[in-house]
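Protein chains in written order, with numbering that gives the first Met the number 0: chain A, 0 to 465; chain W, 0 to 102.
No lab work stands behind these hints: they were computed from the structure. Quick reminder that beta carbons are idealized off the backbone N, C-alpha and C, glycines included. One should not assume that every hint holds.
[Said to hold, decoys possible] These stretches of chain W come out as covered by chain A in the derived footprint (C-beta under 8 Å, 3 or more residues):
hint: 1; region: 19-30
hint: 2; region: 41-47
[Stated by the list, open to error] Once the Cα atoms are required to be at most 20 Å apart in a straight line, the calculated PhoX-like pairs of lysine-lysine come out as:
hint: 3; chain 1: A; residue 1: Lys416; chain 2: A; residue 2: Lys452
hint: 4; chain 1: W; residue 1: Lys24; chain 2: A; residue 2: Lys30
hint: 5; chain 1: A; residue 1: Lys341; chain 2: A; residue 2: Lys259
hint: 6; chain 1: A; residue 1: Lys463; chain 2: A; residue 2: Lys335
hint: 7; chain 1: A; residue 1: Lys453; chain 2: A; residue 2: Lys443
hint: 8; chain 1: A; residue 1: Lys259; chain 2: W; residue 2: Lys24
Spelled out, the chains give:
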Amino acid sequence: MAQIAANPVDYAYLATAILFILGLRYLSSPKTARFGNRLAALGMLIALVAVLTQGIVQWWVIGIGIVVGAAIGIYSGRAVKMTAMPQMVALFNGAGGGAAALVAAGELLKLTNAGDGVLPFDQTFTIMLTSVIGAISFAGSIMAFLKLQEVMTGRPIVYPGQQVVNAFILLLVVVSSTLVIMNVNGLTWYTVALLAALVLGVLFVLPIGGADMPVIVSLLNSFTGVAAAATGFVLANNVLVISGALVGASGTLLTVMMGKAMNRSITNVLFGAFGSIKTTTGAAGSGAAQNVRSVTPTDVAALVAYANQVIIVPGYGMAVAQAQHSVRELADQLEKRGVEVKYAIHPVAGRMPGHMNVLLAEANVPYEALYDMDDINPEFERTDVALVIGANDVTNPAARSDKNSPIYGMPILDVDKAANIIVLKRSMKPGFAGIDNPLYDNPKTAMLFGDAKKSIDSVVSAVKAL
Amino acid sequence: MSAQLLAELTVFILAVFVGIEVISKVPTTLHTPLMSATNAIHGIVLVGAILVAGTFDAPFNQIVGVILVILASLNVFGGFTVTERMLQMFRPRTPQPQKKDGD
C-alpha cells in the first residue's frame, strides 16, 4: 500500500498558517508591525489562490462576490476616519461571523440533499457550532456597530425580565441545535436555531453601555475567530482551524485584559448593565448641582505654559471631537517651551482596545510619549497639570474610595494627585456609565467647557500669544 | 468523535497555545492594529466560502452564495486595508526638534 500523497493545496495552506503566525509575531513591535500585516496578507493571498484551484463550478458566484466584497472593503477601509475605527472593525467582524454561519448553512443543505437523511454527529455538531456562534457574532457586531456609530443610543438598554428573556432564547438555541444534531426534522429546526442565535446576538449587546464597548468588541472578535475555526471542522480544513484558533485566542486574551482593566468579570460586563440603575431616571441632570470651577482657555494656557510637566489624559471625548491633531499641536507648543508632555492611556479609554493609541498615532504623536496606566500613575504626584480631554470614568476617584459606586475597584488614572487638574468637557453630563465624578468637585480641578477641539485650539493660540 | 475531528481538534488546541504565546507579546500601543489584523485573518472563512459557494446549483443558493462571498471578502480586504492604514501611522519619536523658526 502506497501512502496517500498530500493534496498540493495543503502545502499552500501550511504556508498560509505559518505566515499568519509570523505576521502576528511581527506585530509585537511598532517597527515591524507593518511587515507583519503584509506577511499575513500574503498568507491570505496564497490560501485564496490555492482554493481557486479546487473544483469551482459557479465561477460567476465567486467572481461577483470577491469583486464586490473587495471593492466595498477596500473603499470603506480607506475612506473611514480614524475616529470611526471601532465601528468599522465591528462591521468587518460581523461580516466574517455571518460568512461563517452561511458556510455552515450551505454545507448542511448540501449534505441534506445528497445524503439519505441521517447525518453523522461530527458533521451536524460542527455545523451547529459554526452557525450559532457565527450568527451571534454577526448580529452582535451589527448591534455594536449601530451603537458605536450612534445610530442608536450608546447607553445600556435594559427592561424588566431581560435576563429571563435572554435565558429563554439561549435555551431555544440549545434545544433546536440539539434536535438538528439528532437529525430530527433537520432543516426546520436549523432555521429556528439560526434565527434564535441572531436574536440572542442582538439581545446580548443591547444592555452593553459605551464604556464597556472595548470588552464587547474584543469578545465578538474572539467569537468570529472560533466560528472560523469551527468552519474548519465542518470543511475538514486545517488552515481555517489554525487561523480561527489564533483569532479566538487573541480576542479572548484582549477580552480578559479589558475586563481586568475595569476590575470586572466578563459575566459582569454581559449581565451587569453598567450603571443602569442610576441612568434610568434622568440622573443626567443631577451633575449640574456640583460645585465646579470653570476657567477660560487663557487661564489654561498660562497654567500649562509655565508647568514643568503636563500629563494629557485622552478619552472618548477626544475621539468624538476629533481633537487629536489639536492636542498634538498643543504638546508641540509646550515642548518648545521646555515643558515635559506625557500621555496617560487607560486600557479601556475609548471604544476598543488601544483606541487612543491609534488616534494619537494618527496625529503623529510618537508612541514613546504614550504611557500605560501602571507606568504613569506614580508620575501624577510630580506633575503640575493633568489635562483631561474627554475622559471621565477612567479618572473617577470614586472607583478608589466609594464602595457604593458601580465602578468601585476599577483601576483608574490617579489624575487627582496632580497639582492642578484641568478637565475639558462638553457639559456637566456624566460619562457613559452615568456616574457623577467627584473629581470635578475637587478644589484643584478647573473645568474648561465646550467642544474639545475648539477649546484646545483656543488654548494653543493663547499659549502662542504668551 | 471521528479520528479526523479529533486530529483537527488537536490542531485547534495547539494553535490556541501558539496564539496566546504570540499575542501576549503585543504591546498595548498596538492592540487596535492587533485586533484589526486578527479581524482580517478570520476572513480566512473566505476559503470556506469559496469551497461551498463554488458548487451551489440552485439559483436561490447561488444568490446566497454571492452574499456569502461578499461578506467574507469584505472581511478580508477591509480588514487588511484598515490595519495597513493604522500601522502606517505608528512611527518612533524623531530626534528633529520642531524646525519652526521665527521666535
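message: Of the numbered hints stated earlier in the document, which are not met by this structure?
response: Violated hints: 3, 5, 7; rest satisfied.
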